Amino acid sequence: RLRWDARLWASKLQAALQALRGDFVKLLFQLASLSSEQAVKNGTYHVASGGGKRVDFDKIMARTPYADWYGRNNVNVALPQLDNKGAKIPPPVLFTAHSALDMAVQLHCNEFGQHPIVLVAEVTGFDREGCISIERVGSFNPECLLLRTDLMRFIEQARKNVRDGKSTMKDHLCASKDPYVFLCRNVTIFRGPREQGYPFLEETMKIQVIVVGQSEQRPVPQMVNSIAGWTEWYQSESGHHALLERLNLVSLVIMQELYDTGEPQLVQSESGDQHVSRLPIILMTFPGANLYAHPKDAVSNSLKHWRRRFTCYFHTAFVCTHGRALNGKETQMSMYTDTIVNAQMLTILESHSMASKAMPWHWDSGLIKMATNWMRLEQVAAVIRQRRAKNGYSQQKEIADQAGHARATMRGTAKGRRMSDLDSMTNEMTSSMQKERFGRGDYEEGLSDEDDDEDSDEEPDHDDDVFDALDSNPINIQMKLQAMKEKEMHHP
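Residue numbering for the sequence shown follows the numbering used here, starting at 15 and increasing by one per position.
Pairwise CB distance ranges (calculated):
| # | residue 1 | residue 2 | range |
| --- | --- | --- | --- |
| 1 | 190 | 241 | 27 to 37 Å |
| 2 | 435 | 124 | 28 to 38 Å |
| 3 | 171 | 207 | 24 to 34 Å |
| 4 | 123 | 251 | 40 to 50 Å |
As a list, the in silico EDC-like pairs of lysine to aspartate or glutamate whose alpha-carbon atoms are at most 16 Å apart:
| # | residue 1 | residue 2 |
| --- | --- | --- |
| 5 | 67 | 19 |
| 6 | 26 | 37 |
| 7 | 184 | 230 |
| 8 | 55 | 70 |
| 9 | 55 | 72 |
| 10 | 449 | 246 |
| 11 | 67 | 216 |
Please keep in mind that the hints were generated in silico from the structure rather than gathered at the bench. Computed from a predicted structure; not experimentally measured. Backbone N, C-alpha and C define an ideal beta-carbon position, used for all residues, glycine too.
Whenever a hint applies, use it, and build me the whole structure from the sequences.
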């Protein structure tokens with residue numbers, strides 16, 4: 015049997031791209047996809063290193079490909095309602111221009127494999143019967159997910175689980191109201207990246223994959239003129255509601271099915287940092303890709319609301335913009351979205367007293383440097399670390415407190431608090447989004463200097479009113495950044 019030559023494939027692809035041979039490029043990807051299918055079917059493959067070592071894939075893959083469907087009716091997690099008065103600043107979302115699958119591999123190799131790594135994949139290709147198209151290149155974001163993993167086994171199982179019903183996979187995944195997602199447990203990554211020619215790996219790794227679909231494949235954006243320029247939104251409230259419902263549903267599925275409510279375990283890494291080994295790391299793809307792009311301002315503000323609600327329950331939350339923009343503009347998209355979603359973090363640089371409001375988080379330098387805007391986040395981290403150290407608050411205690419908060423919520427010990435389920439959370443977020451859509455700015459982020467901060471020994475600044483207005487009205491964020499740049503120029 016012929017063995018896969020990754021270097022030869024990569025060189026042929028480069029030559030085909032330079033010669034603008036689209037037909038040959040398509041053929042190369044078909045060959046790569048066929049070799050993955052054969053490896054899964056045969057249960058074995060050979061790696062180039064070690065003299066063509068044979069890997070017994072049957073013993074590595076999950077024996078039974080579990081693919082369970084989840085929707086409004088079988089997700090029973092409820093979270094405490096947000097208290098806008100005296101609220102804290104949740105951990106940031108880390109934005110990167112890399113592929114979510116590459117990020118999963120990098121996290122696994124960088125000693126974060128003890129965390130459950132959850133990749134949220136978006137499906138964009140269906141066949142005429144409403145099933146996910148596993149033969150079409152680009153059916154998923156990340157686009158190489160089917161080629162580099164054994165996810166096709168789980169997709170087939172998910173199809174079987176709904177075949178007796180009246181609705182197809184597309185009907186469930188792309189429903190405008192009450193959508194479903196399906197969770198694939200222990201998906202195996204067994205091939206390397208495209209740049210290396212998709213080599214077969216000697217050491218495989220396991221991740222959890224949640225498959226989602228969007229209610230609109232190619233939504234027409236509504237352009238809203240603001241003082242910061244033209245911004246992009248969904249044309250109707252239903253578009254915002256559909257996206258927020260999916261973001262919330264995915265998070266609640268993770269908390270219900272992949273959470274461990276036991277005591278946190280602290281693991282010492284070679285870098286000296288300690289991490290809670292039980293909290294999941296979530297890797298989300300930016301909704302839409304290339305021709306299927308969704309309005310960037312609507313998505314960014316949806317992620318901002320999602321961050322306020324959920325990042326405190328994850329070890330780290332990543333959003334990957336790879337494939338979101340044409341001509342290599344993923345980095346610009348990542349930076350643009352970061353300025354909206356993590357606007358609260360930037361405020362800490364202007365008002366250091368705001369650091370006392372930051373919720374417990376690890377602020378691990380290795381993870382922060384994976385983000386596109388890592389330099390700005392490192393500056394925020396330095397302020398928070400200094401504040402924590404001054405008050406005798408160690409990183410170990412901060413990590414334990416974050417885990418304790420998540421654990422208490424999952425055990426239902428948040429007594430005396432009104433609880434929000436999937437429906438109420440989505441409706442609240444959608445209502446706030448509609449207010450921000452036209453820049454009315456009457457949505458409160460809920461931070462004020464009236465809070466009784468036990469760990470603060472400084473006089474509070476009086477910048478919070480400005481902060482509330484800026485973060486609640488996203489169209490002013492560009493003005494905020496420009497003011498910060500001018501301040502740095504005059505006071506380097």
